[in-house]
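> What follows is each chain in one-letter form.
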Amino acid sequence: MEDFEPTLIAFVCNWCTYTAADLAGTSRLTYPQNVRLIRVMCTGMVDPQYVIKAFLEGVDGVLVSGCHPGDCHYINGNFKARRRIKLLKEILPRFGFQEERLRLTWIGASDGIQFAETIRAMVAQIKTLGPSQARLKMVI
Amino acid sequence: MAMTARIDVTGQDLLASLRQFLRAILELQDIRAILVPRHLPMNNAVMPALVTDPDCLEGVDPLAPAFPMNAAKIVSRLTGKPMGAQVAAILRPCEIRAFIELVKLKQGRTEEVVLIGIDCLGAYQNKDYLRFAGEDGAHATVRFYQSVLTGRGTRIDGVDLAPACRACEYPVASNADITIGLFGIEFDDHLIVQSQSVRGEAVLKQLNLEQTVEPTARRETIAALVAQRTAQRDEMLAQTRAGTENLAKMTTYFARCVNCYNCRVACPVCYCKECVFVTDVFNHDPYQYLRWATRKGVIKMPTDTLFYHMTRLAHMSTACVGCGQCSNACPNDIPVMEVFRSVAQATQKAFDYEAGRHIDEDPPLAVFREDEFAEVVGMSLQTGRQA
Amino acid sequence: MPAATEEIQGAQEEAVALRFLTAPVRILSENGKVSGLECIRTALGDADASGRGRPVALEGSEFVIPCDAVIVAVGQRTDQSWADQVPELQWTRQGTIEVDPNTLQTSLPHVFAGGDAVSGPASVIEAVAAGHKAVAAIDGYLRQADLGVQAAPTPAQKLSGENWRPLPAGLPAEVRASSRRLDPKARVASWAEVDCGLTEAEALHEAQRCLNCGICSECMECVRACEAQAIDHYMGAQELEVKVGSIIVATGYDLLDPTPMKPYGYGLYPNVYTSLEFERLSNATGPTGGQILIRNEEGRHTREPQSVAILHCVGSRDVNYHEYCSRVCCMYALKYAHLIKEKVGPETRVYDFYIDQRCYGKGYEEFYRRCQEEGTHFIRGRVAAITDQAATADEAGKLIAIAEDTLLGQRLRVPVDMVILCVAMEARKDAVEVARIFGISQGADGFFLEEHPKLGPLSTATDGVFLAGACQSPKGIPHTVAQASGAAAKALSLATRGTVAVPSAIAWIDPDVCAGCRTCIGLCPYTAVEFDERRGVSVVNAALCKGCGSCAGFCPSGAAQVRHFQKKQIMAEFDGIMDAGQAVGM
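Residue numbers (our numbering), protein chains in the order written: chain A, 1 to 140; chain B, 141 to 527; chain C, 528 to 1113.
Excised from the complex, chain A in its bound form (with noise of 0.2 Å):
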């Protein structure tokens, strides 16, 4: 499928990851356009309800990233997200999301170069997946 473009949602952390998409554009970085960034305070805060609903709506990756370890600005809430984010690979590969859809990364405020190199990675690895089965059949 090689006209396919996937839809990627990234939810990204204000601090780090969020402040390194802003960094990349002001820098003229270019990185696909498949993504939409939807912002939150910490990747703390990320309800593993949020990825499940991305994913049964039709998107066919997911990207959830935050302060590398010690940095949070939270103190911990990217640890607190780890572990929801190992729950979630455990629950949706068996339904046949490929673990590779969802990912976790920490991206540092200054890491510009590195949220555009993520993005364009993640983008080609999904196009080699091939569009997410709840894009194809009926959801209930």
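Since the hints were derived computationally from the structure, they do not count as laboratory data.
Computed from a predicted structure; not experimentally measured.
Listed below are the simulated SDA-like cross-link pairs for lysine to any residue, each with C-alpha atoms no more than 20 Å apart in a straight line: (1) A/137 / B/437; (2) C/870 / C/904; (3) C/1095 / A/38.
Each pair of labels, with its calculated beta carbon distance range: (4) C/1059 / B/160: 38 to 48 Å; (5) C/1099 / A/129: 22 to 32 Å; (6) B/428 / A/117: 32 to 42 Å; (7) C/964 / B/224: 28 to 38 Å; (8) B/297 / C/1096: 55 to 65 Å.
Far from chain A, some chain C residues (derived; all Cβ distances over 10 Å): (9) 608; (10) 781; (11) 792; (12) 799; (13) 888; (14) 917; (15) 932; (16) 936; (17) 965.
We put the beta carbon where it would ideally sit given N, CA and C, even for glycine.
We have chain A; now place chains B and C onto it with these hints.
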């Protein structure tokens, strides 16, 4: 297991001996009431009952293959706040394990309850039990335990145990204060009671029972039963996984779901006062439905069916004890338990957690460590596990 | 004769004749003056009830001691003149009041007795002791305590020796000094004090015999001597509750203990010092009055060093100990070099072993240049070991620093008299505990973590708790003062405002939905969630919540949500994205 004692069975009447034992406990100074399954006067229904009068123990039947609800919820109600008295609760192992999870979630306290775990012979699904029990529930119970304990099996009159019970690898209670042993015992001669805690031992000591040793046959009988159940469980989980491995199959699996949320109401570890799916978050405006329908061309009503089940998996699969009440409660006979157990097995293993194993183990999502699960972070294709 | 030995001895020296087993019969007189004392010899008879033989007069053994004066040493007995008024009081055969020996309670339960009336003639000290004993017993009696129990004499404590300072082995025994007495011949003829006491020299010598094994005898002389009145023997741990609006944590640092770093010989060689020890040595109030002196094997300060090695980065910038730079060592090492040159003399050789000279502050580089000009030898290279194993005659009796000069690429052996280790500053051992108390966190290096390295260097994750000084990171005095001033200003700005603005994007827990599982309380990094026992629900303290959503990310019922980031809002945002995506054909 500090102490093992025997209770004589006279006239091959196991239930009478059990009632005798419960009467002795109820007559103790510091135990004010016993929570135990009891035949209701009407329609042979067996429900948990809180008994304070020893004379009302008639009709008590902890061996009936009826499991209308997981009594962990009842124990939670009785212990959530200080009661000012001690009660004893006769529970199945899955009920105790669910209660342990509820205690961790501050929905119950162990201070005022003596947990008495009885060897679980299993139970029929609600509809099957009513059919099996017929007019004489007490007699039906005798037929049932005679058949199970003599090795003639659980299938009687073409009715077999609920799927959850057939695949249950926890027929014997751990984490109880006292256990009542039936497996591997000369049950027409005696049954055994064992203390598993200091509190349990204190209660047994007051009863002045004749001490004995656990027969060697008991351990072997249990091991054989667990092995058989584990094999059935693995077969069930494999089938379920194959039957739900993608969205299309999941959609088929849950196609009959009407979003009644009975499974969540029946679930002993779904402890929320109000499920998020009935809160304002999901109280969508009418235009919203139209908007979704417009985006997709067609949406099934009511919406959010899989969203509900998958969210519930995220919320409680790590606490799932596999009691099967979700399936029991489903008005459309969706085998909910199978899906939940198949996911629970994976999520509990991922966090090296086992629901109900130990009261001091924190629920996986209630804690975290700085150095863990490095493999879930980053972009590498580390695990290689495909769906 | 129950007199003190020294009294008997003194009497004998003064030629007093002692006559035992002799009883006076009568005093003889002539012309109204004493002329003699008639006595009779006695022998000890059968033992009486007390086990003592009663003297029995020997018939016909009377004799006369001629004398001018008789001094009668009169015995004492209890005044019983009032005994009739208290007939219930029981007396002993010796005429003393009968008491329980443990409680001093008499036959009248509410009457206690002590002193000579009970013991017979005895000392004032014993009477005072009896008074104490009786008071304790009376107190117990009035409180209706069991006198039998409380009065049981405490068994003599066996000295365990545990609380003693260990005594140095091989101490020569020294005899106690005794005071000089007047010559007996002189003293019988004068009223001068017989016991001349110790001379000042003797007293000092006697005092030096003290091994100080008990460390402090609570003589309180130090309290009197301290002009600043800085000593209080009765000061103990006190728990105070102080109501404050903000807290500045300035708990400082610990110095790395270099003892485990065996190659440096700290603790093994008397002249290997830590930086702080050297600081003390060169201080005018220090043990040598500020003189820089090396120590002999016994640890006594002897002479000035001819050469000193200063080792930078001991435990700092070292992956085996602390990877960070302790920041202050370079500058104090330069100060030491300068001090040694100034105090001991410019000819003293000072070797400064460094990795990098970090002289980054105002005037610091200039000071470095000055030290170079003063002739301090700066050697770039870490010292591998300090040894006293001399390889050449020059090295005999010296400590040898073995190092590599990385600028010259040469191995060096530098013999010196004294070595100063610039040991690392490290987080205090109780930092974990302190961090827990204040709800602040520690960095990987153990120091307290500031809110933000650039934008919040004084604040912590907990509002109202600020940091100052080396508890946050190793730093010198000017930086500590600057940070502390800043922290004080921050605290004041909170205090003067009197109110705290709470951010709007904070969590709220719907009491109608909350099931009271309290998981959010454990997850909250700011201890901002409390449990309301009455309602059985968790409640967010708006003044502490920072809106991270740790609670909302968990709460399965959605009772806990962050304002502006509510579940409904995020899902609506998502729906908007999907609609917009569809509109552009995504």
